[in-house]
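**Student:** Using the sequences provided together with the hints, build the complete structure.
2 protein chains.
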Amino acid sequence: MKPRALALVHYPVLDRRHDVVASAVTNLDLHDLARSAMTFGWSRFYVVTPVEEQQRLAEKIREHWCQGYGAVYNPDRRQALELMEICPDLDEALRRWEDWTGERALPVLTGAAVQNGMSCQQCRDLMQDSPLLLIFGTGWGLAPPLFERGWPTLEPIRGAGTYNHLAVRAAAAIFMDRLSENRI
Amino acid sequence: MKPRALALVHYPVLDRRHDVVASAVTNLDLHDLARSAMTFGWSRFYVVTPVEEQQRLAEKIREHWCQGYGAVYNPDRRQALELMEICPDLDEALRRWEDWTGERALPVLTGAAVQNGMSCQQCRDLMQDSPLLLIFGTGWGLAPPLFERGWPTLEPIRGAGTYNHLAVRAAAAIFMDRLSENRI
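Note that the protein sequences, when read in sequence, are chains A and B.
Residue numbering for the first sequence follows this note's numbering, starting at 1 and increasing by one per position.
Residue numbering for the second sequence follows this note's numbering, starting at 1 and increasing by one per position.
Negatives, chain A to chain B, calculated, CB over 10 Å:
(1) 21
(2) 24
(3) 50
(4) 52
(5) 57
(6) 102
(7) 106
(8) 116
(9) 118
(10) 125
(11) 128
(12) 146
(13) 148
(14) 152
If you want a taste of the chain B side facing chain A, the calculated C-beta under 7 Å gives, among others:
(15) 40
(16) 76
(17) 173
By construction, these hints were calculated from the structure, which means they are not laboratory data.
Even for Gly, the Cβ is constructed at its ideal location relative to N, Cα and C.
**Tutor:** As structure tokens, then:
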């Protein structure tokens with residue numbers, strides 16, 4: 001399997017009224033996604049926001065845990081947050097990931113409302129040949145323009161009924177687990 | 001499959017120095033675990049803390065989303081948080097769960113350091129006959145006395161390497177997914 005990365009997008013995403021907005025960075029999103037990525041052996045975690053103040057906030061969190069007091073207080077957290085990079089937009093994240101892998105990457109979009117997405121098994125097959133960049137939205141999900149780029153999508157996580165309001169922290173953990181090689 | 005519930009324990013748990021402590025309730029734990037439980041069709045979510053102030057905090061969060069402004073603002077959140085009950089200790093959670101199901105429950109402990117735990121497949125087999133109460137610890141995990149009660153344990157989530165520091169929000173989501181019936 002080729003290396004894998006994830007991107008957490010804060011713009012363009014939807015808010016609860018389905019307007020396109022830039023969402024705020026949530027501290028626990030960064031920690032949880034970094035720890036899940038580290039657990040499942042994913043190589044990079046791109047935090048995407050064009051808002052400079054938010055970029056600084058994310059950078060401050062990263063620095064605290066990677067170089068500051070946090071690195072001494074909790075070295076496990078350091079290892080995870082070292083996977084994190086802050087990017088102004090998704091194209092920059094994709095560019096950096098392709099630079100990192102030296103290969104053409106496979107960007108894949110996720111969302112609770114995705115129709116006709118591929119299964120995790122189909123995605124795992126593609127991951128044999130291309131480094132995956134799995135893309136998650138914050139707020140009420142990735143905005144429509146991202147779905148017009150011709151990138152493949154992943155079938156949403158279906159539970160027992162019609163309720164499909166998982167936290168992005170939970171959805172990302174489940175997808176990373178489902179897309180792992182040593183899946184039982 | 002019989003009904004399933006989860007418990008999130010704030011005492012007795014370990015802190016980073018492996019002392020037994022009561023941890024503080026984290027707002028996002030309640031939301032994330034409730035939303036995951038709702039997604040996967042679990043019936044109850046017991047928040048366990050003996051600290052009265054913390055019980056009041058958890059109750060306040062529940063009320064805000066179930067009866068207050070939050071119930072109107074975000075009805076999806078309401079549905080999820082209605083699964084939540086606050087208990088002073090794990091025995092009370094188990095008692096309430098047995099009252100709810102009218103059957104003898106199957107308490108199962110989780111933890112990143114569990115040795116010789118059963119697989120999710122083995123657990124799913126037991127879940128055909130008994131209502132599961134899946135127990136998660138906050139902080140640095142459930143304290144040793146809980147592991148001396150003779151309850152079965154679940155094999156930790158293994159990723160790509162030795163790193164095993166998933167957030168409880170992520171671990172709970174992955175286990176609920178792995179223990180679901182319509183697992184792919």
